[in-house]
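Based on the provided sequences and hints, a complete structural model is requested.
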Amino acid sequence: MTVSRPEKIDHIGIAVRSIEVVLPFYQDHLQLPLLGIEEVASQNVKVAFLAIGQSKIELLEPLSSDSPIAKFIEKRGEGIHHVALGVTDISGRIEEIKNNGINMIHDVPIDGAGGAKVAFLHPKSTHGVLYEFCEKSK
308 MTVSRPEKID HIGIAVRSIE VVLPFYQDHL QLPLLGIEEV ASQNVKVAFL
358 AIGQSKIELL EPLSSDSPIA KFIEKRGEGI HHVALGVTDI SGRIEEIKNN
408 GINMIHDVPI DGAGGAKVAF LHPKSTHGVL YEFCEKSK
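One rule links them: number in my numbering = place in the sequence shown (from 1) + 307.
No lab work stands behind these hints, which were simulated from the structure alone. Backbone N, C-alpha and C fix where the C-beta goes; we use that ideal spot for every residue, glycine too. Treat the hints with caution; some may be incorrect.
[As the list claims (entries may be wrong)] Only pairs whose alpha carbons sit at most 27 Å apart, straight line, appear in this in silico BS3-like list of lysine-lysine:
id, residue 1, residue 2
1, Lys431, Lys363
2, Lys424, Lys315
3, Lys431, Lys443
4, Lys443, Lys363
5, Lys431, Lys315
6, Lys363, Lys382
7, Lys443, Lys424
8, Lys378, Lys405
9, Lys363, Lys378
10, Lys431, Lys378
11, Lys363, Lys315
12, Lys424, Lys405
13, Lys382, Lys443
14, Lys431, Lys405
15, Lys363, Lys424
16, Lys405, Lys315
17, Lys405, Lys443
18, Lys315, Lys443
19, Lys424, Lys378
[Unchecked claim] Simulated restraints on C-beta separations:
id, residue 1, residue 2, range
20, Pro331, Asn407, 41 to 49 Å
21, Gly399, Pro331, 19 to 27 Å
22, Leu342, Ile417, 15 to 23 Å
23, Asn407, Ser325, 36 to 44 Å
24, Glu403, His336, 22 to 30 Å
25, Ile316, Arg383, 16 to 24 Å
26, Gln361, Val310, 18 to 26 Å
27, Ser311, His336, 35 to 43 Å
Here it is in structure tokens:
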């Protein structure tokens, strides 16, 4: 089975301690429009999306100390967390990539921001980069 390749970089996720503190930099200095802010219970984070061309920047703020983002910030500090690749058949992509020996953090899609289905590839299988498959609802 061959599934279509990723279509685009959907967004770049950036881990931050506080969206409220960093948002003025993105809006006032980079002049990126805010698309919205929401909480994603499945990841225990608050996210803010900013538009940039055909892609977005996703600011990720932990909602508790046991959030994956809180653990990331504690270990590495604020900064780039992941690159999200837009796909149309997330379940097919997961199956195909696992069949090719790539380890996944999520073997089945989970709920992401904006109603998207998401799944993360394990960075030990991707040369140190955390990639996310992201399928938007139609």
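Status of each hint after checking the structure:
{"no.": "1", "hint": "Lys431 with Lys363", "result": "25 Å, holds"}
{"no.": "2", "hint": "Lys424 with Lys315", "result": "16 Å, holds"}
{"no.": "3", "hint": "Lys431 with Lys443", "result": "26 Å, holds"}
{"no.": "4", "hint": "Lys443 with Lys363", "result": "13 Å, holds"}
{"no.": "5", "hint": "Lys431 with Lys315", "result": "22 Å, holds"}
{"no.": "6", "hint": "Lys363 with Lys382", "result": "25 Å, holds"}
{"no.": "7", "hint": "Lys443 with Lys424", "result": "7 Å, holds"}
{"no.": "8", "hint": "Lys378 with Lys405", "result": "26 Å, holds"}
{"no.": "9", "hint": "Lys363 with Lys378", "result": "23 Å, holds"}
{"no.": "10", "hint": "Lys431 with Lys378", "result": "17 Å, holds"}
{"no.": "11", "hint": "Lys363 with Lys315", "result": "11 Å, holds"}
{"no.": "12", "hint": "Lys424 with Lys405", "result": "18 Å, holds"}
{"no.": "13", "hint": "Lys382 with Lys443", "result": "30 Å, violated"}
{"no.": "14", "hint": "Lys431 with Lys405", "result": "13 Å, holds"}
{"no.": "15", "hint": "Lys363 with Lys424", "result": "16 Å, holds"}
{"no.": "16", "hint": "Lys405 with Lys315", "result": "21 Å, holds"}
{"no.": "17", "hint": "Lys405 with Lys443", "result": "21 Å, holds"}
{"no.": "18", "hint": "Lys315 with Lys443", "result": "12 Å, holds"}
{"no.": "19", "hint": "Lys424 with Lys378", "result": "23 Å, holds"}
{"no.": "20", "hint": "Pro331 with Asn407: 41 to 49 Å", "result": "43 Å, holds"}
{"no.": "21", "hint": "Gly399 with Pro331: 19 to 27 Å", "result": "41 Å, violated"}
{"no.": "22", "hint": "Leu342 with Ile417: 15 to 23 Å", "result": "21 Å, holds"}
{"no.": "23", "hint": "Asn407 with Ser325: 36 to 44 Å", "result": "39 Å, holds"}
{"no.": "24", "hint": "Glu403 with His336: 22 to 30 Å", "result": "41 Å, violated"}
{"no.": "25", "hint": "Ile316 with Arg383: 16 to 24 Å", "result": "21 Å, holds"}
{"no.": "26", "hint": "Gln361 with Val310: 18 to 26 Å", "result": "22 Å, holds"}
{"no.": "27", "hint": "Ser311 with His336: 35 to 43 Å", "result": "37 Å, holds"}
The structure does not agree with the numbered hints 13, 21 and 24 stated previously, though it agrees with the rest.
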